[in-house]
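Participant: So the chains spell out like this:
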Amino acid sequence: EAQVTQNPRYLITVTGKKLTVTCSQNMNHEYMSWYRQDPGLGLRQIYYSMNVEVTDKGDVPEGYKVSRKEKRNFPLILESPSPNQTSLYFCASSLRAEGHIGGYTFGSGTRLTVV
Amino acid sequence: SQKIEQNSEALNIQEGKTATLTCNYTNYSPAYLQWYRQDPGRGPVFLLLIRENEKEKRKERLKVTFDTTLKQSLFHITASQPADSATYLCALDITGYNQGGKLIFGQGTELSVKP
Numbered sequence: 001e002a003q004v005t006q007n008p009r010y011l012i013t014v015t016g017k018k019l020t021v022t023c024s025q026n027m028n029h030e031y032m033s034w035y036r037q038d039p040g041l042g043l044r045q046i047y048y049s050m051n052v053e054v055t056d057k058g059d060v061p062e063g064y065k066v067s068r069k070e071k072r073n074f075p076l077i078l079e080s081p082s083p084n085q086t087s088l089y090f091c092a093s094s095l096r097a098e099g100h101i102g103g104y105t106f107g108s109g110t111r112l113t114v115v
Numbered sequence: 116s117q118k119i120e121q122n123s124e125a126l127n128i129q130e131g132k133t134a135t136l137t138c139n140y141t142n143y144s145p146a147y148l149q150w151y152r153q154d155p156g157r158g159p160v161f162l163l164l165i166r167e168n169e170k171e172k173r174k175e176r177l178k179v180t181f182d183t184t185l186k187q188s189l190f191h192i193t194a195s196q197p198a199d200s201a202t203y204l205c206a207l208d209i210t211g212y213n214q215g216g217k218l219i220f221g222q223g224t225e226l227s228v229k230p
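Same order as they appear, the protein sequences are chains A and B. Numbering follows our numbering, with no gaps: position 17 of the first sequence is 17. Numbering-wise, our numbering comes out as the position in the second sequence, counting from 1, plus 115.
If you are wondering where the hints come from, they were derived from the structure by calculation, not from laboratory data. The structure displayed is predicted, hence computed values, not measured ones. Treat the hints with care, as some may be off.
To be verified - Mimicking PhoX-like on lysine-lysine, the simulated pairs with C-alpha atoms at most 20 Å apart in a straight line are:
(1) K71(A) / K217(B)
(2) K217(B) / K65(A)
(3) K118(B) / K57(A)
(4) K217(B) / K186(B)
(5) K57(A) / K217(B)
(6) K170(B) / K132(B)
(7) K186(B) / K118(B)
(8) K229(B) / K217(B)
Required output: the full structure, derived from the provided sequences and hints.
Facilitator: Okay, here's the thing in structure tokens:
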């Protein structure tokens, strides 16, 4: 089944303790992206990647890092989480090739709480 | 400032009627526009994509129009059913087909279809 898999689904952590949220897709998509969703603010893009070793900032990149060493994986790293990073996080992937753009496939989400 | 606006009020309609949702934007020239459905606590699900040079797109009971002069997209669900109840998001790609991947989402419109 074509899908984007995020782990974990739920995570409670303490301020300052480094964490990684994993994201993997099995569709051979070039494009991957991370979003956070907060009440009243909607979905906001954190980082995106057009292909392996190519990443760029979205609208709210502060406090986050990403890497794209393999096409299928795009982990989100919080080096020193803070309570304002408590949110629902989504990873997404999409086919983007010359003359062809696909819709985004989203993961099931990771609900992160930083205390 | 750059903005995407969707009906902020929830839309309540009777089963069998046509639901029409609006997406207006300012200061963007998107290459294409997408519509997604999101159920509570779940990731958005891609519905339709329409390009800047297309006026209308259909898929089963769904229809999307895109007016780049008015900077507006309309999303229609005909013969609506209670199972169509969800939040519907519009999203603009503002960087073009082969450049970046900056997908900006509206805050969504909640649709409720009553039996």
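Participant: Does the structure keep K217(B) and K186(B) at a Cα separation of 20 Å or less?
Facilitator: Holds: K217(B) and K186(B) sit about 18 Å apart, inside 20 Å.
Participant: Taking only the CA atoms, is the gap from K71(A) to K217(B) under or equal to 20 Å?
Facilitator: This hinted pair holds, its Cα atoms lying about 19 Å apart.
Participant: Tell me if the straight-line CA distance from K118(B) to K57(A) falls inside 20 Å.
Facilitator: holds (19 Å)
Participant: Check the hint pairing K57(A) with K217(B) against an upper bound of 20 Å on the C-alpha distance.
Facilitator: holds (9 Å)
Participant: Does the alpha-carbon distance linking K229(B) and K217(B) stay inside the 20 Å limit?
Facilitator: This hinted pair is violated, its Cα atoms lying about 36 Å apart.
Participant: Would the pair K186(B) and K118(B) pass a check requiring their Cα atoms to be no farther apart than 20 Å?
Facilitator: Answer holds: K186(B) to K118(B) is near 11 Å, not above 20 Å.
Participant: Check whether the Cα positions of K170(B) and K132(B) lie no farther apart than 20 Å.
Facilitator: At roughly 23 Å apart (the allowed maximum being 20 Å), K132(B) and K170(B) break the hint.
Participant: Verify the proposed pairing of K217(B) with K65(A), using a straight-line Cα cut of 20 Å.
Facilitator: holds (17 Å)
The structure is inconsistent with the numbered hints 6, 8, although it conforms to all the rest.
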